[in-house]
Amino acid sequence: MQGVSHRAAGRRCDDAFGWVHAGPVTCLVVADGAGSRPLAAEGSRAAVSAVLDRVLAAGDTAELPDVYDLFSSALNAVTELACQTHCRLGDYATTMAVALLSPAGASIAQIGDSIVVVRSSVEGAIRTVDPQEPLEYANETHFLTSPDAREHLRVAFYPDREVSAVAMATDGLQLKILENPVTGEPFVPFFEDAFAFATQMESTSREVEEFLDGLENDQTGDDKTLVLAVPGTPTASRCLGPEDPLQMESNLGFLATDE
Amino acid sequence: MALEARTNDRNPDPRVAVALLLDTSGSMEGEPIAELNRGFAAFCADIKEDPLARKRTEVTVITFGGQPQVVIPFTEGRSLEPRSFAADGLTPLGGALEMALDELGAQKAEYKRLGLRYYRPWLFVITDGSPTDDDVFPRAADRVRATEAAKGVTVFSVLVQGGDKVALSKISDVRPPVSLKTEPGSFMKLFAWLSASLGAVSNSGAYGASDSDVAQAESLEQNPLPSPAGWATW
Numbered sequence: 000m001q002g003v004s005h006r007a008a009g010r011r012c013d014d015a016f017g018w019v020h021a022g023p024v025t026c027l028v029v030a031d032g033a034g035s036r037p038l039a040a041e042g043s044r045a046a047v048s049a050v051l052d053r054v055l056a057a058g059d060t061a062e063l064p065d066v067y068d069l070f071s072s073a074l075n076a077v078t079e080l081a082c083q084t085h086c087r088l089g090d091y092a093t094t095m096a097v098a099l100l101s102p103a104g105a106s107i108a109q110i111g112d113s114i115v116v117v118r119s120s121v122e123g124a125i126r127t128v129d130p131q132e133p134l135e136y137a138n139e140t141h142f143l144t145s146p147d148a149r150e151h152l153r154v155a156f157y158p159d160r161e162v163s164a165v166a167m168a169t170d171g172l173q174l175k176i177l178e179n180p181v182t183g184e185p186f187v188p189f190f191e192d193a194f195a196f197a198t199q200m201e202s203t204s205r206e207v208e209e210f211l212d213g214l215e216n217d218q219t220g221d222d223k224t225l226v227l228a229v230p231g232t233p234t235a236s237r238c239l240g241p242e243d244p245l246q247m248e249s250n251l252g253f254l255a256t257d258e
Numbered sequence: 000m001a002l003e004a005r006t007n008d009r010n011p012d013p014r015v016a017v018a019l020l021l022d023t024s025g026s027m028e029g030e031p032i033a034e035l036n037r038g039f040a041a042f043c044a045d046i047k048e049d050p051l052a053r054k055r056t057e058v059t060v061i062t063f064g065g066q067p068q069v070v071i072p073f074t075e076g077r078s079l080e081p082r083s084f085a086a087d088g089l090t091p092l093g094g095a096l097e098m099a100l101d102e103l104g105a106q107k108a109e110y111k112r113l114g115l116r117y118y119r120p121w122l123f124v125i126t127d128g129s130p131t132d133d134d135v136f137p138r139a140a141d142r143v144r145a146t147e148a149a150k151g152v153t154v155f156s157v158l159v160q161g162g163d164k165v166a167l168s169k170i171s172d173v174r175p176p177v178s179l180k181t182e183p184g185s186f187m188k189l190f191a192w193l194s195a196s197l198g199a200v201s202n203s204g205a206y207g208a209s210d211s212d213v214a215q216a217e218s219l220e221q222n223p224l225p226s227p228a229g230w231a232t233w
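Residue numbers (numbering that gives the first Met the number 0), protein chains in the order written: chain P, 0 to 258; chain Y, 0 to 233.
The hints are simulated quantities; they were obtained by calculation from the structure and are not laboratory data.
From the three backbone atoms N, C-alpha and C, an ideal C-beta is built for every residue, glycine too.
Treat the hints with caution; some may be incorrect.
[Claimed, not checked] Some chain Y residues judged to face chain P by a derived CB distance under 8 angstroms, without partners named: (1) L2; (2) A4; (3) R5; (4) P11; (5) A108; (6) E109; (7) L113; (8) Q221; (9) N222; (10) L224; (11) P227; (12) A228.
Please model the entire structure based on the sequences and the hints provided.
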């Protein structure tokens, strides 16, 4: 969903998102292109697309990629794009968060200020996964394309079926869905409602989009992306959004996983 | 079915904390205190007019006439209500400054606890006298200057006729005190300037999550304050 300030400035949506089901694996991705960089929208989209392709390519083979492989694929794709266009890698700067869900467990990897919140299937607790450590300057973050990206990659693993629901968002939603944007503590009622919504058979991405569009006084004016995943029957095998980042309209992520 | 999720709707705007130190000592009796009250009432109305200042400005009023005391605890601009102050007693400015630094420090800690970002706080003094708490004032003035040097506060002082320029000069190394013009209506102009200045601050991006973060943001973006020439002399 394009943010108000971007819309007013005639700019594109710099966020990208996607998901894919491949055999027993479900992979979700969100990425937020750095608003200050000229090609950020292309960067976020290329990164997400590369992750989805990598998961699909593995298909049903035993050689499932791990989240490190997925980040390498994303960085390679953005680097290649920069080479092809003779632009600097930093022009494509983007954050990225990936959740890889399989019967073995949930791996969640992030670089930058994305928000990933999970619900525990054991005690039902809702918690933020590895929130970004507060940096010295409030508007700072790390990017997939940063030279020291690997040092700032945050990876969490929840074995088996410890995680029963996943929500992923870009930082444009931080003030609305977090209790404390500095510590990353979630605003629990939001996630209770969102996961309950996602569990309903008749829920669609369109309603998520309408919800985000309705958040007028969001204080950030930034692009907003929300992807929700709960156990259920998959509705689509692959999705990459926004449909066309050059257009005003964009789809929002919502899906059911088949855990 | 529509997604109707509850969201965090607490005011998440960055804040500028303002400690307004008003001299309500006996010497303000008569027209000065009446003008001060009218000026403060106009300020309460004006601050609500600016769509950002009304949510970003948080004002506490500390009076020093007899005893220093917090008469209005930190209140968002949009909720600030006029108050009639009465003039009485001596001028314990030192105690009021200590109280203001304590209040500003506690408020800053509260912003951090809530994950709110903040602008550099303001300490704004209006006095027509000379500090009468000689045992407290020098230490308090040193503390204000040290906080200012650490970029922890912006200090302004205004002398109403009879104010002690030498003493007030000791609370800032950056801004010497200015004198309020003796003509009628100066108090109104002073408070109009204060609300306009807080509007300028609130509409800038000079805020952050820590004092160093704020200083960094100020170096990148700071709105100029309006000229005080309409009500002040130097």
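Structure-based check of all given hints:
1. The beta carbon of L2 (chain Y) comes within 4 angstroms of a beta carbon in chain P, closer than 8 angstroms, and the hint placing it at the interface holds.
2. For A4 (chain Y), the suggested interface contact is upheld, since its CB lies about 4 angstroms from the closest CB of chain P, less than 8 angstroms.
3. Satisfaction of the interface hint for R5 (chain Y) is found here, the shortest Cβ-Cβ separation to chain P being roughly 4 angstroms, below the 8 angstroms cut-off.
4. Among the interface hints, the one on P11 (chain Y) holds; its C-beta lies about 4 angstroms from the nearest C-beta in chain P, closer than the 8 angstroms criterion.
5. The criterion of a C-beta within 8 angstroms of any C-beta in chain P is not met by A108 (chain Y), whose closest approach is roughly 13 angstroms, and the hint is violated.
6. For E109 (chain Y), the suggested interface contact is broken, since its CB lies about 12 angstroms from the closest CB of chain P, more than 8 angstroms.
7. For L113 (chain Y), the shortest C-beta to C-beta distance to chain P is roughly 7 angstroms, which falls under 8 angstroms, so the interface hint holds.
8. The restraint placing Q221 (chain Y) at the interface with chain P is violated, with a minimum CB-CB distance near 16 angstroms, outside the 8 angstroms limit.
9. Against a cut-off of 8 angstroms between C-beta atoms, the interface hint on N222 (chain Y) is violated, since the closest Cβ of chain P lies about 18 angstroms away.
10. The interface hint given for L224 (chain Y) is violated, since its Cβ lies 23 angstroms from the closest Cβ of chain P, which is over the 8 angstroms cut-off.
11. Nearest Cβ of chain P to the Cβ of P227 (chain Y): about 31 angstroms, over the 8 angstroms cut. The hint is violated.
12. Proximity of A228 (chain Y) to chain P is violated relative to the hint, the smallest CB-CB distance being about 35 angstroms (cut-off 8 angstroms).
Against the hints set out earlier in the document, violations occur for numbers 5, 6, 8, 9, 10, 11, 12.
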